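Anchor point for the sequence shown: position 12 equals 12 in the UniProt record's numbering, and the numbering is continuous, going up by one each time.
Be a bit skeptical, because a hint or two may be false.
[Claimed, not checked] Label pairs and their computed distance ranges (CB to CB): (1) Gly125 / Ala208: 22 to 32 Å; (2) Arg81 / Gly303: 33 to 43 Å; (3) Gly303 / Thr341: 20 to 30 Å; (4) Arg81 / Gly278: 29 to 39 Å; (5) Thr365 / Thr88: 44 to 54 Å; (6) Arg129 / Ser37: 23 to 33 Å; (7) Gln217 / Ser120: 22 to 32 Å; (8) Arg95 / Arg220: 38 to 48 Å; (9) Arg81 / Arg328: 20 to 30 Å; (10) Ser310 / Glu210: 22 to 32 Å; (11) Gly303 / Asp179: 38 to 48 Å; (12) Ser366 / Gln216: 45 to 55 Å; (13) Gly125 / Arg276: 39 to 49 Å.
Since the hints were derived computationally from the structure, they do not count as laboratory data. Quick caveat: nothing in here was measured; it's all calculated off a predicted structure. Every residue, glycine too, gets a C-beta built ideally from N, C-alpha and C.
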Amino acid sequence: MMSHSPRPLMAGRSAVPEPTAVTFGVEEEFLLLDPHSGRPVPAGPALLHRLREQPGPRAELMRYQVETTTAVCRGADELRREISRLRTLAAAGARSLGCALVASGMAPYGAPGLSALSDSPRYRGLALRYPALTAQFGCCSCHVHVGVATRDLGVQVLARLRPWLATLLAISANSPIADGHDTGWASHRYSVVAQWPTGRPPGEWQDAAEYDRVIQQLLRRGAAMDERSVYLLARLSPRYPTVEVRVADSCADADTTVLIAILVRALVAAAVTEIRAGLALTPVPSPRLVAGLLAAARNGLTGAGVDPMSGRTVPAWDLVAGLVDHVRGTLADLGDAETVTGLLEQLRRRGTGAHRQRILWTGTTSAAEVVAGLAAVTAAPPTTPARRPASGHRSHAGSGSLRS
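Construct the complete structure from the given sequences, taking the supplied hints into account.
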């Protein structure tokens, strides 16, 4: 089990930032699949045209993908409504075009490669510079943004998020099937992302100046085309005043997305508390983090993970318990403790998206049945309501939208 410092209490102020000041939002990427063959359908442009009056949907790297972006939210209830709205909207739009909206990290029945590239100068530039990597990069992830007051603070938060990235990946794991076979991974998507030169955890950088120097070095060395294509598993957003955690697969259902987002927000808030209290960072060797990420990608929550503090092999669910213990007080302050308890109990009963996808896959030889099952889970509304709203003063910092 991971060991942790006790949660600090600061004299004269809350142990976390004012709850409603900890704003957050989510970007989710989805596949558009043929409901009969399961093959990707390049219907993204048509879907976006159909939904052009609706806030949230936007284009992705491949034309068989679509991304949704929530508004900036101040609580779990608001985020839950946004995620439900956007999944329902995109699923209905996909059905109207004769295809199915599916939340899966990888296309189960293969993908057409660069022939499905979206018509964008930036995406064309990416394909010219990294053709082999881009061709297989039509995978889908879930990005959680949490508002931070300054870029310096955000960089310090990134260093404290590093130990928890593998556990977030394990919870979200949802890409075991690709190219028509079981890959042996719970998150095959991670194995694809990790092939990129920047597909790794952030470093233990001191401030924004050091962060920017590292990013510029990566660009000069050709490891990325631009700042947006620096695919760190957690980073400062190039477009918003947020920390962006990018490690998760596209979550099978809305409940898992809500769970991941709540946990990420709590981790960021807890990190801010530690930084303001002057608590020293406990360094974690990067090779140990990578070993943990590989274990999470291979096993999900079914099997062993790597404790980033000790390097020991432990049950993956012990690492989940350690994460929750680390942010327990923060979750309570934010009004999310009971919600997380309920969502984790549900996750234990149901299994991860990868576990359920494998059950569906082995239970039938029909692509139509697999797609129908995945699409039904994708569009299902969230089931667990928030139990207690957080109290606090509304903050103007970080207000607005993730959409640009």
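Hints, one by one, checked against the model:
{"no.": "1", "hint": "Gly125 / Ala208: 22 to 32 Å", "result": "holds, 26 Å"}
{"no.": "2", "hint": "Arg81 / Gly303: 33 to 43 Å", "result": "holds, 35 Å"}
{"no.": "3", "hint": "Gly303 / Thr341: 20 to 30 Å", "result": "holds, 23 Å"}
{"no.": "4", "hint": "Arg81 / Gly278: 29 to 39 Å", "result": "holds, 38 Å"}
{"no.": "5", "hint": "Thr365 / Thr88: 44 to 54 Å", "result": "violated, 30 Å"}
{"no.": "6", "hint": "Arg129 / Ser37: 23 to 33 Å", "result": "holds, 32 Å"}
{"no.": "7", "hint": "Gln217 / Ser120: 22 to 32 Å", "result": "holds, 26 Å"}
{"no.": "8", "hint": "Arg95 / Arg220: 38 to 48 Å", "result": "holds, 46 Å"}
{"no.": "9", "hint": "Arg81 / Arg328: 20 to 30 Å", "result": "holds, 26 Å"}
{"no.": "10", "hint": "Ser310 / Glu210: 22 to 32 Å", "result": "holds, 28 Å"}
{"no.": "11", "hint": "Gly303 / Asp179: 38 to 48 Å", "result": "violated, 23 Å"}
{"no.": "12", "hint": "Ser366 / Gln216: 45 to 55 Å", "result": "holds, 51 Å"}
{"no.": "13", "hint": "Gly125 / Arg276: 39 to 49 Å", "result": "holds, 41 Å"}
Of the numbered hints stated above, those contradicted by the structure are hints 5 and 11, listed in ascending order.
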